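If you want the building blocks of each chain, they are given just below.
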Amino acid sequence: MSVQVHLDRLLAERGMTLIELSERVGVTVVNLSILKNGRARAIRFSTLTALCEVLQCQPGDLLSHVPERAR
Amino acid sequence: MSSARGNQLQPLLGVVTAITGLSLFLLVGGLFVTVLDALRKPVCVRDSWRETCIEAPTGGERALSLLLHAPTSFVYVGALLLLLVLLVRAQRLGAHNVHTADDVRGYGVFLLIALPVSTFVEALTRWLLAPYDTWSFVGDWDVPWWALFTGLGLLSVAKIIRTGAAMREELEGTV
Numbered sequence: 001m002s003v004q005v006h007l008d009r010l011l012a013e014r015g016m017t018l019i020e021l022s023e024r025v026g027v028t029v030v031n032l033s034i035l036k037n038g039r040a041r042a043i044r045f046s047t048l049t050a051l052c053e054v055l056q057c058q059p060g061d062l063l064s065h066v067p068e069r070a071r
Numbered sequence: 001m002s003s004a005r006g007n008q009l010q011p012l013l014g015v016v017t018a019i020t021g022l023s024l025f026l027l028v029g030g031l032f033v034t035v036l037d038a039l040r041k042p043v044c045v046r047d048s049w050r051e052t053c054i055e056a057p058t059g060g061e062r063a064l065s066l067l068l069h070a071p072t073s074f075v076y077v078g079a080l081l082l083l084l085v086l087l088v089r090a091q092r093l094g095a096h097n098v099h100t101a102d103d104v105r106g107y108g109v110f111l112l113i114a115l116p117v118s119t120f121v122e123a124l125t126r127w128l129l130a131p132y133d134t135w136s137f138v139g140d141w142d143v144p145w146w147a148l149f150t151g152l153g154l155l156s157v158a159k160i161i162r163t164g165a166a167m168r169e170e171l172e173g174t175v
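Heads up: the sequence lines are chains A and B, in that order.
Its first residue numbered 1, the first sequence is counted upward by one per residue in my numbering.
Its first residue numbered 1, the second sequence is counted upward by one per residue in my numbering.
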């Protein structure tokens with residue numbers, strides 16, 4: 001996957017655990033783990049909005065595109 | 001989840017299991033009777049035009065007479081067994097699965113090839129035992145059109161299942 005998710009970095013910067021984020025966003029820990037570990041194939045706008053609201057960030061802070069050759 | 005999958009395939013799975021068991025029993029019994037008949041009775045052939053009996057058949061003719069009905073019987077029981085395997089695997093893995101799509105495709109190919117070939121072998125056997133005309137076995141060949149159409153239909157169903165499986169994977173990976 002050439003889109004990387006920086007959820008672990010954002011969580012560390014805000015001193016928040018995955019369980020706490022899960023409770024505040026309303027997404028299961030399992031799904032957040034899938035997202036954090038880069039195993040998600042798609043993300044809903046609603047999930048992205050909720051994550052950005054809780055983490056006080058922009059979608060660009062959460063996701064970045066890495067060209068395949070650069071990996 | 002697995003119980004829901006199981007319910008999806010019922011009552012078909014139960015019916016196929018029962019019919020397959022019964023068919024296997026009848027196949028073994030039928031084979032026994034056929035072999036006994038082939039050894040004792042005169043060989044009688046009924047094609048599209050007439051019925052011919054060979055009163056004193058040779059060993060080869062007796063052996064050939066086993067191919068008058070056996071191929072189609074074996075293919076029918078084989079088709080039931082394959083269907084049972086397909087359904088059991090679909091119950092275990094889920095209906096919208098790439099493996100299930102492969103199984104359905106394989107079953108379609110089996111129906112497309114096996115049954116027409118078996119009926120052709122039977123027609124050819126009738127012709128070898130009692131030839132009516134040079135190419136009369138072609139006219140006597142009872143082409144199982146239902147198997148051809150069902151086989152082609154199953155190939156399309158397999159493609160639909162494969163598309164569904166890809167959509168399911170996409171959906172499961174959506175957060």
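For the record, the hints were derived by calculation from the structure and aren't laboratory data.
These numbers come from a predicted model, not from an experiment.
Glycine included, every Cβ here is placed at the ideal spot set by N, Cα and C.
Treat the hints with caution; some may be incorrect.
[What the hints assert, rightly or not] Pair ranges (Cβ atoms, derived):
hint, chain 1, residue 1, chain 2, residue 2, range
1, A, Arg-9, B, Ile-19, 56 to 64 Å
2, A, Met-16, B, Leu-9, 40 to 48 Å
3, B, Val-117, A, Thr-28, 28 to 36 Å
4, A, Pro-59, B, Ile-160, 30 to 38 Å
5, A, Ala-50, B, Gly-173, 47 to 55 Å
6, A, Ala-42, B, Asp-142, 48 to 56 Å
7, B, Gly-164, A, Pro-67, 49 to 57 Å
8, B, Ile-19, A, Pro-67, 33 to 41 Å
9, A, Ala-12, B, Arg-89, 42 to 50 Å
10, A, Arg-39, B, Gly-14, 34 to 42 Å
11, B, Met-167, A, Pro-59, 23 to 31 Å
Comparing the hints with the structure gives:
Checked against the hint of 56 to 64 Å, the C-beta distance between Arg-9 of chain A and Ile-19 of chain B comes to roughly 60 Å, which is consistent with it. A C-beta distance of roughly 45 Å is found between Met-16 of chain A and Leu-9 of chain B, which places it inside the suggested range of 40 to 48 Å. Under the hint 28 to 36 Å, the C-beta atoms of Val-117 of chain B and Thr-28 of chain A, about 53 Å apart, miss the expected range. Checking the proposed 30 to 38 Å range against Pro-59 of chain A and Ile-160 of chain B shows it holds: the Cβ atoms sit about 35 Å from each other.
Distance hint for Ala-50 of chain A and Gly-173 of chain B: a CB-CB separation of about 18 Å, inconsistent with the stated range 47 to 55 Å. Taken as a hint, the range 48 to 56 Å holds for the pair Ala-42 of chain A and Asp-142 of chain B, whose Cβ atoms sit roughly 52 Å apart. The given range of 49 to 57 Å is broken by Gly-164 of chain B and Pro-67 of chain A, whose C-beta atoms sit roughly 32 Å from each other. Distance hint check for Ile-19 of chain B and Pro-67 of chain A: the Cβ-Cβ separation is about 57 Å, which falls outside the suggested range of 33 to 41 Å.
The hint said 42 to 50 Å for the Cβ distance between Ala-12 of chain A and Arg-89 of chain B, and at roughly 44 Å that hint holds. For Arg-39 of chain A and Gly-14 of chain B, the hinted distance range of 34 to 42 Å is satisfied, since their beta carbons lie about 38 Å from each other. A hinted range of 23 to 31 Å holds for the C-beta pair Met-167 of chain B and Pro-59 of chain A, which are about 25 Å apart.
Of the numbered hints given earlier, the model fails hints 3, 5, 7 and 8; all others are met.
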